[in-house]
Each structure stands twice: as C-alpha cells, then as structure tokens.
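*Asks:* Sequence:
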Amino acid sequence: MRVITGTCRGLRLKTLDGLTTRPTADRVKEGMFSAIQFEIEGRKALDLFAGSGQLGIEALSRGAAHAVFIDASAEAVRVVKENLQHTRLTQTSTLLQCDSLVYLDRCREKFDLVFLDPPYESGLLNASLKKISEIDILSESGIIICEYAMTLPPTIPERLRVEREYRYGRIGVALLRRKEKRTE
Numbered sequence: 000m001r002v003i004t005g006t007c008r009g010l011r012l013k014t015l016d017g018l019t020t021r022p023t024a025d026r027v028k029e030g031m032f033s034a035i036q037f038e039i040e041g042r043k044a045l046d047l048f049a050g051s052g053q054l055g056i057e058a059l060s061r062g063a064a065h066a067v068f069i070d071a072s073a074e075a076v077r078v079v080k081e082n083l084q085h086t087r088l089t090q091t092s093t094l095l096q097c098d099s100l101v102y103l104d105r106c107r108e109k110f111d112l113v114f115l116d117p118p119y120e121s122g123l124l125n126a127s128l129k130k131i132s133e134i135d136i137l138s139e140s141g142i143i144i145c146e147y148a149m150t151l152p153p154t155i156p157e158r159l160r161v162e163r164e165y166r167y168g169r170i171g172v173a174l175l176r177r178k179e180k181r182t183e
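Numbering (numbering that gives the first Met the number 0), first residue to last: 0 to 183.
Take the hints with a grain of salt, since some may be wrong.
Using C-beta positions, here's what the derived DEER-type ranges look like [said to hold, decoys possible]:
(1) D16 <-> R160: 23 to 31 angstroms
(2) E162 <-> K109: 23 to 31 angstroms
(3) S140 <-> T93: 16 to 24 angstroms
(4) E81 <-> D25: 28 to 36 angstroms
(5) D16 <-> K178: 22 to 30 angstroms
(6) E40 <-> L10: 13 to 21 angstroms
(7) A126 <-> E164: 28 to 36 angstroms
(8) G30 <-> R176: 13 to 21 angstroms
(9) D16 <-> C97: 18 to 26 angstroms
If you're looking for bench data, these hints aren't it; they were derived computationally from the structure. For glycine and all other residues, C-beta sits at the position ideal for the given N, C-alpha and C.
Whole structure, please, built from the sequences with the hints as guidance.
*Replies:* Here it is, written out as structure tokens:
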C-alpha cells in the first residue's frame, strides 16, 4: 500500500496484520481520489474508520489542510500514528482512539471531506450516514466518500443525495452531498 500522489507520493504505508482490517485497493483509491481531485486542496477531512489511515493521508498528501483520524482499535491507532510520522503529516492531523458513532455524537466540527470505509458487514456505514445527516457535520459544499461491497449498498438518508457512484468489481464507491435546501 502506497501514497499515490502529492507531497508523499510513492511512500509505502504500514498495514494492520490479520483479517480485521481491509485496506482500500490502490485502483479503488485512485478512482476515488480522481473523482474528488478538485475538492481536496485546503479542505478539512474526516477518516472515520481510519484503519491504516491511508485515505486521510492521501487527502493530506494532495493538499488537504487537516485530517481527523478515528478508529476504535488501539492497534489501528498505532499504525496510523506510525504512518503519519513516516509521511511527516502529524502537524496537519488529529488522531483519536474511540468508537466512530460515539465520536459523531460528540462532534461539533464541520468537515469538507468525510471518508467512510467501515467493515462491510458491520452495519456501520448506514449507522454513520444516518448520524452524519442528523448532526450536520458536513460543510455546505462537503462530500462524503463511501466504500462498500456491491452486495451491501448504503441506505441514503433523506438529507443526503448520491452525486456519483462507481463500481470496481465487487466494490462500490458512492459520493454523497447534502440535498439543497428548498426555498419557498
């Protein structure tokens, strides 16, 4: 696993041992970031199920101003910390070990980019989307990037809309935005 482009281009990142974490494949990550390439510079990102931190690190490498990394696993947090140190991106990041839904309950920040790539069969993608739409942490022009198994597509809350969807074999990626508020 490597950083695709930007200031950290080509740097290899550590991954977690075992089968509990599934890193995003390079071709999926490349497609994901191609789709949002003009929306990264100077933005604030949230990598909610950080794992190794590769999505938030890719965003920082491509010019995001700040990234918040959240993971419940102590081992994942250790790997993210090592990857942030290796890429020299610790100054533009915040790393927290906590449950993602607990973090969202307490969150008072706005984000421009929200990366959601939880374990596919956990139900956490839909729970996170529901919570994010309820607490309104997405900036006005913000975008949510979801990775999921094609057999388990996300349920989109009413306040959000699908802007684009991509398919990479058995993996799906959806880009979501806030619905425009109706003026009457």
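*Asks:* Look at each hint and say if it fits the structure.
*Replies:* Quick rundown of the hints versus the structure:
1. D16 <-> R160: 23 to 31 angstroms: violated, 38 angstroms
2. E162 <-> K109: 23 to 31 angstroms: Taking Cβ atoms as reference, E162 and K109 lie about 18 angstroms apart, which means the hint is violated.
3. S140 <-> T93: 16 to 24 angstroms: Once the Cβ atoms are compared, 22 angstroms apart, the range 16 to 24 angstroms for T93 and S140 holds.
4. E81 <-> D25: 28 to 36 angstroms: violated, 20 angstroms
5. D16 <-> K178: 22 to 30 angstroms: violated, 41 angstroms
6. E40 <-> L10: 13 to 21 angstroms: Hint holds: Cβ distance 20 angstroms, inside 13 to 21 angstroms.
7. A126 <-> E164: 28 to 36 angstroms: violated, 20 angstroms
8. G30 <-> R176: 13 to 21 angstroms: Holds - the Cβ-Cβ distance for G30 and R176, about 18 angstroms, lies within 13 to 21 angstroms.
9. D16 <-> C97: 18 to 26 angstroms: Check passed, 22 angstroms falls within 18 to 26 angstroms.
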